[in-house]
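Enquirer: We have chain A; now place chains B and C onto it with these hints.
Here is what each chain is made of, one letter per residue.
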Amino acid sequence: MLTVKDCRQALILGLWFMFLTFPILVIKVNPVEKTVVWRWPNMLWVGGVSACVYLLSRVFLARRAARQERIRLGLEKESKGLNLAVFRQPKVCLPLLGGVALFFLAFPALFSTYQLNIMITALMYVVLGLGLNIVVGVAGLLDLGYVAFYAVGAYSYALLHLHFGIGFWTALPIGGLLGALFGLLLGFPVLRLRGDYLAIVTLGFGEIIRLVLENWGEFSQGPSGISNIARPGFFGLEMSLDGSITYLYYLMIGMVLFTIFVVNRLQDSRIGRAWYALREDDIACQAMGVDKTRTKLAAFALGAAWAGMAGVFFAAKTTYVNPASFTFLESAIILCIVVLGGMGSIVGVIVGTLVLILLPEYLRALADYRMLAFGAVLVVMMVFRPQGIVSTVRRTYTLHR
Amino acid sequence: MKSIRIYALLTAFVLAACATATAVEPIKIGVAGAHSGDLASYGLPSLKAAQLVVKDINDKGGINGAPVELLVEDDACKPEIAANTAAKLVSSGAKAVIGHICSGATKAALPIYRDAKVLVISPSATTPALTQSGEYPNFYRTIAADDAQAKAEVDFTLATLKAKKIAVIHDKGDYGKGLAEFAKTFIEQSGQAEVVLFEGVTPGAVDYSAVVQKIKRSAADAVIFGGYHPEASKIVGQMRQKRMTIPFVSDDGVKIDTFIQLAGKDAEGVYATGPADVSHNPITKEYREKFKKAEGAEPGAFFDNAVAAALVLTNAIAKAGTTEPNAMAKVLRSEEVATPFGNIKFDAKGEPIGIGFSIYQVQNGQFTVVQ
Amino acid sequence: MDYFIELVFSGLTRGSIYALIALGYTMVYGIIGLINFAHGEIYMIGAFTALIASTVLNILGLPLYAVLILTALAAAVWAAAYGYTVERLAYRPLRNAPRLSPLISAIGMSIFLQNYVMLAQTSDFQPFPALIPEFAFLEPFAAVVGSTDLTILAVSALLLLLLTLLIKYTRTGKAMRATAQDQKMALLLGVNVDRVISITFVVGSALAAVGGLLIASHIGQINFSIGFIAGIKAFTAAVLGGIGSIPGAVLGSFVLGLTEAFATGYVSSDYEDVFAFSLLVLILIFRPAGLLGKAAVEKV
Numbered sequence: 001m002l003t004v005k006d007c008r009q010a011l012i013l014g015l016w017f018m019f020l021t022f023p024i025l026v027i028k029v030n031p032v033e034k035t036v037v038w039r040w041p042n043m044l045w046v047g048g049v050s051a052c053v054y055l056l057s058r059v060f061l062a063r064r065a066a067r068q069e070r071i072r073l074g075l076e077k078e079s080k081g082l083n084l085a086v087f088r089q090p091k092v093c094l095p096l097l098g099g100v101a102l103f104f105l106a107f108p109a110l111f112s113t114y115q116l117n118i119m120i121t122a123l124m125y126v127v128l129g130l131g132l133n134i135v136v137g138v139a140g141l142l143d144l145g146y147v148a149f150y151a152v153g154a155y156s157y158a159l160l161h162l163h164f165g166i167g168f169w170t171a172l173p174i175g176g177l178l179g180a181l182f183g184l185l186l187g188f189p190v191l192r193l194r195g196d197y198l199a200i201v202t203l204g205f206g207e208i209i210r211l212v213l214e215n216w217g218e219f220s221q222g223p224s225g226i227s228n229i230a231r232p233g234f235f236g237l238e239m240s241l242d243g244s245i246t247y248l249y250y251l252m253i254g255m256v257l258f259t260i261f262v263v264n265r266l267q268d269s270r271i272g273r274a275w276y277a278l279r280e281d282d283i284a285c286q287a288m289g290v291d292k293t294r295t296k297l298a299a300f301a302l303g304a305a306w307a308g309m310a311g312v313f314f315a316a317k318t319t320y321v322n323p324a325s326f327t328f329l330e331s332a333i334i335l336c337i338v339v340l341g342g343m344g345s346i347v348g349v350i351v352g353t354l355v356l357i358l359l360p361e362y363l364r365a366l367a368d369y370r371m372l373a374f375g376a377v378l379v380v381m382m383v384f385r386p387q388g389i390v391s392t393v394r395r396t397y398t399l400h401r
Numbered sequence: 001m002k003s004i005r006i007y008a009l010l011t012a013f014v015l016a017a018c019a020t021a022t023a024v025e026p027i028k029i030g031v032a033g034a035h036s037g038d039l040a041s042y043g044l045p046s047l048k049a050a051q052l053v054v055k056d057i058n059d060k061g062g063i064n065g066a067p068v069e070l071l072v073e074d075d076a077c078k079p080e081i082a083a084n085t086a087a088k089l090v091s092s093g094a095k096a097v098i099g100h101i102c103s104g105a106t107k108a109a110l111p112i113y114r115d116a117k118v119l120v121i122s123p124s125a126t127t128p129a130l131t132q133s134g135e136y137p138n139f140y141r142t143i144a145a146d147d148a149q150a151k152a153e154v155d156f157t158l159a160t161l162k163a164k165k166i167a168v169i170h171d172k173g174d175y176g177k178g179l180a181e182f183a184k185t186f187i188e189q190s191g192q193a194e195v196v197l198f199e200g201v202t203p204g205a206v207d208y209s210a211v212v213q214k215i216k217r218s219a220a221d222a223v224i225f226g227g228y229h230p231e232a233s234k235i236v237g238q239m240r241q242k243r244m245t246i247p248f249v250s251d252d253g254v255k256i257d258t259f260i261q262l263a264g265k266d267a268e269g270v271y272a273t274g275p276a277d278v279s280h281n282p283i284t285k286e287y288r289e290k291f292k293k294a295e296g297a298e299p300g301a302f303f304d305n306a307v308a309a310a311l312v313l314t315n316a317i318a319k320a321g322t323t324e325p326n327a328m329a330k331v332l333r334s335e336e337v338a339t340p341f342g343n344i345k346f347d348a349k350g351e352p353i354g355i356g357f358s359i360y361q362v363q364n365g366q367f368t369v370v371q
Numbered sequence: 001m002d003y004f005i006e007l008v009f010s011g012l013t014r015g016s017i018y019a020l021i022a023l024g025y026t027m028v029y030g031i032i033g034l035i036n037f038a039h040g041e042i043y044m045i046g047a048f049t050a051l052i053a054s055t056v057l058n059i060l061g062l063p064l065y066a067v068l069i070l071t072a073l074a075a076a077v078w079a080a081a082y083g084y085t086v087e088r089l090a091y092r093p094l095r096n097a098p099r100l101s102p103l104i105s106a107i108g109m110s111i112f113l114q115n116y117v118m119l120a121q122t123s124d125f126q127p128f129p130a131l132i133p134e135f136a137f138l139e140p141f142a143a144v145v146g147s148t149d150l151t152i153l154a155v156s157a158l159l160l161l162l163l164t165l166l167i168k169y170t171r172t173g174k175a176m177r178a179t180a181q182d183q184k185m186a187l188l189l190g191v192n193v194d195r196v197i198s199i200t201f202v203v204g205s206a207l208a209a210v211g212g213l214l215i216a217s218h219i220g221q222i223n224f225s226i227g228f229i230a231g232i233k234a235f236t237a238a239v240l241g242g243i244g245s246i247p248g249a250v251l252g253s254f255v256l257g258l259t260e261a262f263a264t265g266y267v268s269s270d271y272e273d274v275f276a277f278s279l280l281v282l283i284l285i286f287r288p289a290g291l292l293g294k295a296a297v298e299k300v
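Protein chains in written order, with my numbering: chain A, 1 to 401; chain B, 1 to 371; chain C, 1 to 300.
Next comes chain A alone, as it looks inside the complex:
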């Protein structure tokens, strides 16, 4: 199956990587004491591993090509991949949904508080992902500063609680509204910008918000942050730590369901259709009579509103906020969730979150190699499935006579 050419290629590749990683992986210097440590075994490892990976990928590709050939000749039937249509059938869909619902309902009883905390974090990212999905996935506006609205929500609850003793339930809509307001604030100046210019301006906006929170100490208590934020209350009932975390978990489940419901309805609404049109071609969209300004602003505002609400949940969960939680990396991770999961798809966002948030948590055993693996997974996923894990099926309409 492997030709001589493949082996030669593998050899060249191995040598190339040995050359490439030579200074960083093999040599370690101490510039002060002027000593050098040579780590030659690393070089052999790199060469060997890269050559093996190449050979394996060749075998894999050759098999796939052979199968394609057999399919073409009609010797074998093409097996369908993960087809979403199967899940649409009530026979499959209902028990599956029921099972999932049961699992999430019983989660607090089955797992420890720690697992519950992680799950709450993951659910928060689902909400963030769904919110960003409106902006990036549906309306096609690349936003690299989404975390700014998350920060706005978190700080609005923290500050309102600190100064006025306002509770979670009042802060939740306020956080959402403030998020939307900031979305509009960002939306106005960037209306004329396209594509990547938009990306860098949103990135800058995200940084501005974080820097203001960091430096304007009188307003936000600066880098030391705000602590002792109250967890959500339940009609003034006193709750133990475990109790309140469980309670927060169910609230978060409710929040996710609410978000899914709203986002789903939005996508099928008039404005949702306008977003799709805007994403595909904004000039044609304008020509069809869609008000571009209003549509874009609505996307920014609605997307930001979810981030604001997720921010309120974040503040309530950690009971402490400081600006360091809202860096660009956070925006990048949320964006990765959306793109990796499959742009514009709700199921995709959920799957993306599970992969990107839960995987690193459970990979904690790998300690230092965790982020290395995370970066590699992003690249590999994109190379092999650039459209994301769950690709959206375009809704099609057929006319019946």
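All the given hints hold, so there is nothing to weed out.
Chain B side only, calculated, beta carbon under 7 Å to chain C, not exhaustive:
#1 Val201
#2 Ala210
#3 Gln213
#4 Lys214
#5 Pro230
#6 Lys234
#7 Gly237
#8 Gln241
#9 Lys242
#10 Arg243
#11 Leu262
Now the stretches of chain C that chain A is said to cover, found in silico as 3 or more residues with beta-carbon under 8 Å:
#12 88 to 98
#13 124 to 134
#14 282 to 290
Worth flagging that the hints you see were computed from the coordinates, not collected in a lab. All C-beta atoms, glycine included, are put in the ideal place defined by N, C-alpha and C.
Expert: The following block gives chains B and C in isolation, referenced to the frame of chain A:
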């Protein structure tokens, strides 16, 4: 019938197992801090310190007959992870915690420990509010707070360096800015000097010459810097490049050998506050030796503090006979324990009594005590 | 007035630092329309290679100028190799993928390379030796401009000149411009587009490596995260000037550097980044394609 008998047997077995388990039930102590990522060099020495102390105790038969088990959790110094870490430690049965390392992470974790009635001793979280706000009666630390440190810096700058115009610079971080703000307040209160410049620099920026020019224009005769060694070495380097020779006074984030390596010859003459020099204390020597033997390297930041934390904590559990925070608090406040810093106990707020600061100056490539 | 001149020099130093990195961003963007988030990491790897090479060469006891030249060469060669490999592995397979996929791939690459260097080397800051000698003739002006500042300025000017010549007058440069204008058409006319793109990455990465060497020598320390912070600023500069345009990237870098220096000098360094990003937003509002960028003509 048969199944019932098996059931009964099983139950008996389980009960017996439980009974034997309670007899030697280990005392679980959590160790939380940054154990991975770029701040690991601040967290790992503390973890090692706790392990060394606990190994000694277990070799001697544990605390009141019960062995000590360490539950190690990484918080990467991030508040949002620290909250998860704390919940994990609490739910896996930690009765007391040594940690966290960073003040921000500690702040996020403390409410969870407080609600779960778990006592916490940090070797390195120095934000004054942690103890002084009175919100966390379960919190103690084996390091002096930032305001004490700022006081030491300011006193030295005013009394010994006789500075009249002081530029206060910080790195905008939790630690650095907090320290700088205290320094500013103390200078203003003293009435002996004025703060001519109070500014933050952006960590990681490629060039600090603009802010250095600004210091020069302010005609300051001393600089107090709050922050860590990378920024400090960059600012000192650029000051010396611009031929400015005014004294540079900084904190224990700078009093680390890496600073001298980074700044090279520019480090000469820089002042930094740091924990009092305890290298002659027998306990310090003992544990530093053990560390060297195990790791083949010099112990890093906060190692002595963590040894102290582990010693006072285990002593409190042994003397109180329980891990109930109030009972332990009584022991912590009343009984002096021999630690790498000498005999220490705690005041009512949880601050250590007996851990002080010294002022160091870089002389011939080494930190030397000057006061 | 002295203070003003000092700030101008401070701004120019910053500007030329940004320019060295921004050129790579703008070249790659101009040719394949991708924000190469891993470019900052290439710069960081260049700086690390320089550290390693200079230490080893120093131990071998070579004279200072030989060390400087060989170090620069090593940094450029390896950074170029990384740039080439990154393009082959992470971007080329995605040439026809949805628009955001290469961006995510780039972010992933950036995270990967940062952690790779952190694990293979160290997470601590490493001191970087002062490779650029102190010029004796600058001593009277030492308070205003240092020798590294001047070297950085001179080298970036020189590199910019060479780059302009390369793009304007060589065959490769012509092929680059053709590919930037229309990839398919260039392909039809016999331009080896894959090769041209590879060359772009190689040249951009080598520039970043020279930048890494100079900047690290200027600030005297490096660690694995320097690429990210400098990269974001350089990218901002490139967009400010009009991404895809080479003179634009340089102009944008100087505008950004001077803005930051004046913001620090006359207002407060607390908000220097806020000023930088606000300037970006302001300029883009009035010139949506940046200072020197051309607004793309859309055909429907």
